[in-house]
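A.B. asks: Put chains B, C and D on the given structure of chain A with help from the hints.
4 protein chains.
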Amino acid sequence: MLVVMEQDATQEQIDAVVARIEENGYGARPMPGGQRVAIGIVNNEGPVEPALFTGLAGVKDVVPVTRPYKQVSREFKPEDTLIEVGGTVIGNGHFTVIAGPCAVESEEQAMAIAEKVRAAGAQVFRGGAFKPRTSPYSFQGLGLEGLRILARVREAFGLPVVTEVMDEASFDAVEAYADIIQIGTRNMQNFSLLKRAGRSSRPILLKRGMAATVDEWLMAAEYILAGGNPRVILCERGVRTFVHHSRNTLDLSAVAVVRKESHLPVIIDPSHAAGRRDQVLPLSRAAVAVEAHGIMVEVHHQPEKALSDGAQSLYPHQFAQLCREVNDIFRIVKPGGAGAAQADPREKSA
Amino acid sequence: MLVVMEQDATQEQIDAVVARIEENGYGARPMPGGQRVAIGIVNNEGPVEPALFTGLAGVKDVVPVTRPYKQVSREFKPEDTLIEVGGTVIGNGHFTVIAGPCAVESEEQAMAIAEKVRAAGAQVFRGGAFKPRTSPYSFQGLGLEGLRILARVREAFGLPVVTEVMDEASFDAVEAYADIIQIGTRNMQNFSLLKRAGRSSRPILLKRGMAATVDEWLMAAEYILAGGNPRVILCERGVRTFVHHSRNTLDLSAVAVVRKESHLPVIIDPSHAAGRRDQVLPLSRAAVAVEAHGIMVEVHHQPEKALSDGAQSLYPHQFAQLCREVNDIFRIVKPGGAGAAQADPREKSA
Amino acid sequence: MLVVMEQDATQEQIDAVVARIEENGYGARPMPGGQRVAIGIVNNEGPVEPALFTGLAGVKDVVPVTRPYKQVSREFKPEDTLIEVGGTVIGNGHFTVIAGPCAVESEEQAMAIAEKVRAAGAQVFRGGAFKPRTSPYSFQGLGLEGLRILARVREAFGLPVVTEVMDEASFDAVEAYADIIQIGTRNMQNFSLLKRAGRSSRPILLKRGMAATVDEWLMAAEYILAGGNPRVILCERGVRTFVHHSRNTLDLSAVAVVRKESHLPVIIDPSHAAGRRDQVLPLSRAAVAVEAHGIMVEVHHQPEKALSDGAQSLYPHQFAQLCREVNDIFRIVKPGGAGAAQADPREKSA
Amino acid sequence: MLVVMEQDATQEQIDAVVARIEENGYGARPMPGGQRVAIGIVNNEGPVEPALFTGLAGVKDVVPVTRPYKQVSREFKPEDTLIEVGGTVIGNGHFTVIAGPCAVESEEQAMAIAEKVRAAGAQVFRGGAFKPRTSPYSFQGLGLEGLRILARVREAFGLPVVTEVMDEASFDAVEAYADIIQIGTRNMQNFSLLKRAGRSSRPILLKRGMAATVDEWLMAAEYILAGGNPRVILCERGVRTFVHHSRNTLDLSAVAVVRKESHLPVIIDPSHAAGRRDQVLPLSRAAVAVEAHGIMVEVHHQPEKALSDGAQSLYPHQFAQLCREVNDIFRIVKPGGAGAAQADPREKSA
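Chains as they are written, first to last, in the working numbering: chain A, 3 to 352; chain B, 3 to 352; chain C, 3 to 352; chain D, 3 to 352.
Same shape as in the complex, but just chain A:
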């Protein structure tokens, strides 16, 4: 933390800031610059509250220096976190493809899509049972029945399943059925839900809030780790900007930043970023190109009849092409990598 003084701050004002710093148990280190004095705060354990200084006479600005997160940071744990679920490993050295419909609509639908995406190389099946919808009048998901269908999909195809939890009330049920529990973009700072996730035995797939900074996103993950659950998968799904040719703007730089700052795996959801089918393939290729650890893609065997998000769902043959291309690019980006490469359907069929 650095307290920057006004250019015309008096020595009394500087002394008062130094006194306030020392009262709080820190050390103060005044630095006369070309135009003004700045006062460094030293010997602090963790972040210092800026409000201690912002109101004092002669103070122009308070500049934080350290990052606020702790257990999620690579400085705390240098080696990459690998998350193993149902025989699939998510994390560095692997590229995991998660696919399935936006919402589970019926057993027939889920089975039909699962068959297609497994054949194309998906390693995890996705499908919503509890659906967060902007309108109270839209289809809200099949609920518990949706969870049961997901369990039957896992049994039938050997694919672990990921599904979203919307509240604490239904957390136990979701936990009982899902292999990975998703917390959606609108709940990224639902701190009660994050605390419950911290007590879960399941890996948590934590989507970035649509206007969250990377710091806020990592702090949301910190809630889960601080609660005792070290298995968090971060998922970038686009942020809200002035741009309107895609539903959100996919922030691919976030992947490099997260990989540098944190040991947690980070994947991309191109479907919700794009909101339109024709951008999903190029953004998926871009995801592997920036070294994300995987993608989560919406696929539907009859997108024009989907009860939600049909416009962004791929047809199965488009998804098969996508799998081939991301696997090929993965081999270039990560020559010795595993995971997705093994699922390449062309190799299987050989």
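Some clues are possibly wrong.
As the list claims (entries may be wrong) - Here are the simulated DMTMM-like cross-link-like pairs (lysine to aspartate or glutamate), alpha carbons at most 20 Å apart as the crow flies:
| hint | chain 1 | residue 1 | chain 2 | residue 2 |
| --- | --- | --- | --- | --- |
| 1 | A | K62 | A | E51 |
| 2 | B | K307 | A | D17 |
| 3 | A | K62 | A | E8 |
| 4 | C | K336 | B | E327 |
| 5 | D | K307 | C | D63 |
| 6 | C | K62 | C | D17 |
| 7 | C | K62 | D | E306 |
Stated by the list, open to error - Each pair of labels, with its calculated beta carbon distance range:
| hint | chain 1 | residue 1 | chain 2 | residue 2 | range |
| --- | --- | --- | --- | --- | --- |
| 8 | A | A171 | B | G27 | 35 to 43 Å |
| 9 | B | K79 | D | S140 | 56 to 64 Å |
| 10 | A | E177 | C | N45 | 58 to 66 Å |
| 11 | B | P232 | C | A153 | 57 to 65 Å |
| 12 | A | V65 | B | S108 | 28 to 36 Å |
| 13 | B | D174 | A | S108 | 31 to 39 Å |
| 14 | B | Q13 | A | K307 | 22 to 30 Å |
Treat the hints as calculated values from the structure; they're not laboratory data. The structure displayed is predicted, hence computed values, not measured ones. Glycine included, each C-beta is placed from N, C-alpha and C at the ideal position.
C.D. replies: Using the frame of chain A, we list chains B, C and D on its own:
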């Protein structure tokens, strides 16, 4: 809904869109333009799903025409909703000032601040008992004890109280103590919480999400009305933009839009928008100038010792000046208005 | 400038940063914190180039401390700049109303509008002769003939005129006719144009770029002052955000920041911020409420026939109401203020 | 264009809108919907001015249907534009790598960097002679001397050169020396400069404005095509958002949209998007993955001594790795593609 065709769309493609429209029970009205054909959808009750058409051959774009909300709209209920709570009326013709600390820290603190803000003219007391904090290591509020302190403030000063609810688990407790229940910006699309609020007997103060459009905000309110609770107060608190000289960018145009589209009252939170004390007074004056129905302001008797948000909390004497100025402006903007004008401390002391 | 080291930076890496600082003629002051070392740079005259340090081993971050601007800053010149033009003073203690059509369309149109806005209390007339248009096929303004019409308006009504300059080639002509020269939002960082403005004898009305930070805006003004022209009026006109119910999002906090950081006057353009007539009156009242030094408003006697921006132009009777209300609010915000108060038509007619 | 009426609009109001449409020479087609009437405008040649209708009684909204651009659109010219310059082809089927320093600092510097980037496979050399700088006190480029150095680089290494033009005054000089003329992000809507570019014989590399929509960007290109110059290369370089871990947020979806809407080539500038060296390689790989037609990358042999943008400039060995990887990915994305593939240094050295 308008389905816009590609310039080179064939008659077969146009016919296929018309057929799809009619299959869904709507009427189709093709319109040849200068460069392309657009097909209007008529005879629909409520919104039409765009995904029905986005994937069809020859379709360039799908343009929605109607707004998605219903019960919150002024077209549904033309007259303004007035919300009466503890003798104070919130809504058109009134300007309500809500004030208090960010968090309830102790009974002494709450009482000291309540005395000051009531004397200055505040009509409702605010204070957080359950605090949503970005960091799991920050002060999380006094919880139930905070609620009890709020009840004692109400008793001592005759001020109704508003406080935030963070989850369904604590909703009953908050409902038992609070006069108005706040749903915070991070929970604006916590749909489970909104549904619970729809079953509440208390008015709900619904903050706008930090990246929510007005449509999404009104749809969140729609959840509450659809659940059976017609008493919602909307609260604009700044949106996230590239701008960094204030914590958020206060979107004052939203007030005019909400007043036009909806019958619900809309107030402004200048403290969270600004994030810094020196912007709160000008933004409060601006709030009344754009005809918001009130403001909610953070005040602390010792901001430099506040456990949260001290940098943006006003000193009591600053708040007193604020009340005088917003009341004076209210008389200009709304010559026959009531509410805040009666609380003008200069008139009281006369 | 503060160079923040990685947590595991070695003493050699710290020494290398210190050496690099000293090589560049500055002083280095290492500060061991709780988790890492940060190194303050002292004895610098003006900003330090961050790139000197970002690439060095063990460096995590480089944090600037001082503001980049100089002559525009209040630290450089504490007293407010007042700009006198044609008998009107723009700056602290005054509230100036500038009004007129988006574009000068004909002498009849300009004269008709000028008569109306002068009667309502406007002190400066606005009208575009050279129009920046998104489309090459839209009306581009009357050019030189537009300038001549503006001169006749000044003569007929005694109002100084402001008009936009789009390039260096037409700068001399605009300078010959206009009392105040506007540089538009799209040219805020047209540095060649800013340099030319720095050699002008006219005051420059510098609009904020639609995605410019306040720092960038002030640096653009710095170009003009550094070039020798101290008379710059800043104009906030809304910034681009995800919000779409107004054309841009008016950033009223910017006024408080500019007033604090700079001695230059700052006004508001509510018309371009809103893009729709019904938001112009509330935003104008908000402008005076946040202590802007004036507003610039589009008015047209026949908005539905305007060649540009008709949707946001006020009818004359709406503008007259606006003048009355902003003047009333100005008296509250600035009890001893001058300028707009004198132009209050109700006082004139008394 | 669709004029949407209020729910309670009267038949008289609807008739008045129809009359206004017909007065302007268009056809009107009223469509009764479930809740309101919308009126389609037909038989128009090109866009209709919304302001004709926004002010009329009973009108709720005006919804544009057609895109505003013409010559740049794929509907106008379906086949891809290929731009040949100095033996290199830019456009569909090719992946062009442009590289060099941010600014030309000296002949030695330019030659040293050119040698490195050509060896690694760059096909075009970049370097700024006239530099747009936020601060008037920063290095502004070598000007004419910089242009002369670029000419010597072309002669020495056989690489065509691209450099930025900042104003009309220096356009002739830049045109005389450069093979491709760049118009920077801050000048994207400098319409006078765009008109001059429309009269140029050189290809124009048009960067997207930092807050421009794709429509505005294409309209800026339309200015150049309308002026007579059909050779425009679009360049996405990141947009301004709330995100601050990169200098700008690279909008990779824009590539898919531009490729669909326009026949012009579109490339990516990862260096200015990122603002930090460690994001340039992943974003470059992402650029080819989304089927951009090339990239423009900043490279410096001594980034820590660069006079501008050193923090984002690659070291030559990093650039060589980048060329290898983007070429490998290009072969996957575009199996039969040409251009960059031929410049692969590993194949050359074979």
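A.B. asks: So, for every hint listed, does it hold in this structure?
C.D. replies: Each hint tested on the structure:
no., hint, verdict
1, A:K62 with A:E51, "16 Å, holds"
2, B:K307 with A:D17, "19 Å, holds"
3, A:K62 with A:E8, "5 Å, holds"
4, C:K336 with B:E327, "11 Å, holds"
5, D:K307 with C:D63, "18 Å, holds"
6, C:K62 with C:D17, "15 Å, holds"
7, C:K62 with D:E306, "15 Å, holds"
8, A:A171 with B:G27: 35 to 43 Å, "36 Å, holds"
9, B:K79 with D:S140: 56 to 64 Å, "58 Å, holds"
10, A:E177 with C:N45: 58 to 66 Å, "59 Å, holds"
11, B:P232 with C:A153: 57 to 65 Å, "60 Å, holds"
12, A:V65 with B:S108: 28 to 36 Å, "31 Å, holds"
13, B:D174 with A:S108: 31 to 39 Å, "36 Å, holds"
14, B:Q13 with A:K307: 22 to 30 Å, "25 Å, holds"
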